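Now for the letters of each chain:
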Amino acid sequence: GENVEQHPSTLSVQEGDSAVIKCTYSDSASNYFPWYKQELGKRPQLIIDIRSNVGEKKDQRIAVTLNKTAKHFSLHITETQPEDSAVYFCAASKGNQFYFGTGTSLTVIP
Amino acid sequence: GAVVSQHPSWVICKSGTSVKIECRSLDFQATTMFWYRQFPKQSLMLMATSNEGSKATYEQGVEKDKFLINHASLTLSTLTVTSAHPEDSSFYICSPGQGEGEAFFGQGTRLTVV
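Chains as they are written, first to last, in my numbering: chain A, 1 to 110; chain B, 1 to 114.
What the hints contain is simulated information worked out from the structure, not anything from laboratory work. This structure is a prediction, so every number in the text was calculated from the model and none was measured. Incorrect hints may have been included.
Taking lysine to any residue pairs in the SDA-like style, the calculated list, with each CA pair at most 20 Å apart, reads [what the hints assert, rightly or not]:
no., chain 1, residue 1, chain 2, residue 2
1, A, K37, A, A70
2, B, K20, B, T57
3, B, K20, A, G41
4, A, K42, B, V3
5, B, K41, A, E5
6, A, K58, A, E2
7, A, K57, B, E100
8, A, K94, A, V13
9, A, K22, B, S89
10, B, K14, B, T82
11, B, K41, A, E83
12, B, K20, B, F39
13, B, K41, A, K58
14, A, K42, B, N70
15, A, K71, A, Y99
16, A, K58, B, E102
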């Protein structure tokens, strides 16, 4: 089955700096890669996603890159703000089955 | 996006009792429901997959007799934690299967067993 690894597990950045979270996956058949933001005690919220036929996608301060050959994808958050502090999960999916990374706790220091 | 309603949001129960968690898909019919468990500071771990009208499929290490899943209709799936123990305390989240694309989640249920 699919194995998704995520690094780092914790990340602290100064407000205004960039944050990068990386994930790798094992199943080359996975074709959909979403990123979720989860605040404490709440459900995960989709922040950006990318499909396997695209190499990069950007939405304002958030971008995701995908390298299918190397089977890794990354989340980039620029100009970080304190409200970006949360746990972020990557996932790899084929069909409706999702496999989640272990999560990254991001802290943005004002 | 899909609207998924899960309740209760939080529940405290005594050891040995059972707790039922409901997950409803409000604006679509879900033939498949994924149930996840999340321990503090950990990722979402798939517990089981339920299919409407048939038995659920459990992930390795998840006791099917302890975590009873019922998916009797296309809009409702339930997870019952039977004979709960403190180690069952966790955050449980449902997610209906919708085919390819974004996953939607219920609000989650914080279970505390005392």
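Among all the numbered hints in the text so far, which are the ones the structure does not match? 1, 6, 8, 9, 13, 14
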